[in-house]
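Going down the list, the protein sequences come from chains B and R. Residue numbering for the first sequence follows the working numbering, beginning at 1 and increasing consecutively. Residue numbering for the second sequence follows the working numbering, beginning at 1 and increasing consecutively.
Note that these hints are calculated values from the structure, not bench results. Treat the hints with care, since some could be wrong.
[Unchecked claim] Take a look, some chain R residues computed to stay more than 12 angstroms from chain B by CB distance:
#1 N63
#2 V65
#3 K80
[Claimed, not checked] When the alpha-carbon atoms are kept at most 25 angstroms apart in a straight line, the in silico BS3-like pairs for lysine-lysine are as follows:
#4 B:K168 / R:K41
#5 B:K196 / B:K207
#6 R:K17 / B:K174
#7 R:K17 / B:K130
#8 R:K17 / B:K183
#9 B:K103 / R:K80
#10 R:K17 / B:K181
#11 R:K80 / R:K41
#12 B:K253 / R:K62
#13 R:K17 / B:K189
#14 B:K150 / B:K231
#15 B:K174 / R:K103
#16 B:K179 / R:K60
#17 B:K121 / B:K196
#18 B:K140 / B:K130
#19 B:K181 / R:K103
#20 B:K150 / R:K80
#21 R:K60 / B:K253
#22 B:K121 / B:K4
#23 R:K80 / R:K62
#24 B:K150 / B:K248
#25 R:K41 / B:K248
#26 R:K62 / R:K74
#27 R:K41 / B:K174
#28 B:K130 / B:K213
#29 R:K17 / B:K140
#30 B:K150 / R:K103
#31 R:K41 / R:K17
Being a predicted model, the structure only gives us computed values, none of them experimental. Even glycine gets a Cβ: it sits at the ideal position worked out from N, Cα and C.
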Amino acid sequence: MNEKWRLLLTGASTGATNMAIDRAVLVAHSEGLVPPTVRFYEWNPPAISIGYFQGLDEEVDLVNCRRLGVDYVRRITGGGAVFHEHELTYSIVISEMHPGIPKNIMDSYGRICGAIVKGLKNLDIDSDYKPINDIITSGKKISGNAQTRKMKTVLQHGTVLMDVDVDKMFSLLKVPNEKIKDKLIADVKDRVTSIKQILNEEISFSKAAEAMKNGFEEEFNVKLELGTLTKKEEDLVKKFEKEYFSNKEWNHKR
Amino acid sequence: MVCLFTFENMQSNSVYKVPNGKLLKIFLEYNEKNNCINIVKITGDFFAYPEEAIEIVEDKLKNTVLEKNLLFSKISSMIKENHIEFIGLNAEGLTTGILMCLK
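Please model the entire structure based on the sequences and the hints provided.
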């Protein structure tokens, strides 16, 4: 019989809530309170998340974020700044000791991204994992991923682009050299794609989530069963929102 | 070699794409007279495990002489001692990024 993991569909939340949920699940799983968990979610309002090591003011145009009603949050994972608007975001929380998770970090990126590759295949999109942390289709990036390991537990979250608005993204992100901004935008338009661009049609979030759910089940040979956050996790979400992700000191720490 | 604090401080930044890696951004405050680090801030889209180790690296680089071999050796030792795993960054890239602030 297939191992049973938990599936969470938490809908659309603020940046702070989304990052707090991922961290709460990580803590709960590390304490053995919940099974391995896969979550699919969205962002409302749209948000920029920055990597743990990035400088907020260095990367994000906070004035334009406020003007356009875009939220911002620092992740506990490394990697780059991401504009979350038309996308499916996933997270997986699982013990480092689980036999399905390679000990080597790069290998584990490959394994988890394999679930997303299979999920995209379920939507008739051929793609490949491209180290360090991307998934590409027809030579263009369709998914970015970031992993942390804390308390002997792996948290990897990532995006699957449903649609992409590069001009809006660059109105919210700062670039190292303003003089080459136009070229940078043109380059990114050439290098990034979305489900909508590939399929020439919009698909619903639930259709994308179903495809990704099946992708995780196929990759890890498990059964994902729909569940909810426990009371303990909900309490941790409130705590982490307050202490970290909606806290100015955390978001501006670098 | 460790420097003593004086007041001839310079501030500088660098942006360095680590070969086969990520974009590293350095803010450096250093003493121009004795060529020592006062403050270094290491930012970018790289990965480090555990993440909090970056603050240890920044702290321990204070008062280090800005000389290639010394810096590389100190960073390499810190990575080993603190069991840090970098992805998209390495000791050589970090050394280069810091020293680029002097140009």
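Non-conforming hints, listed in increasing numerical order:
Per hint list: 4, 16, 30 violated.
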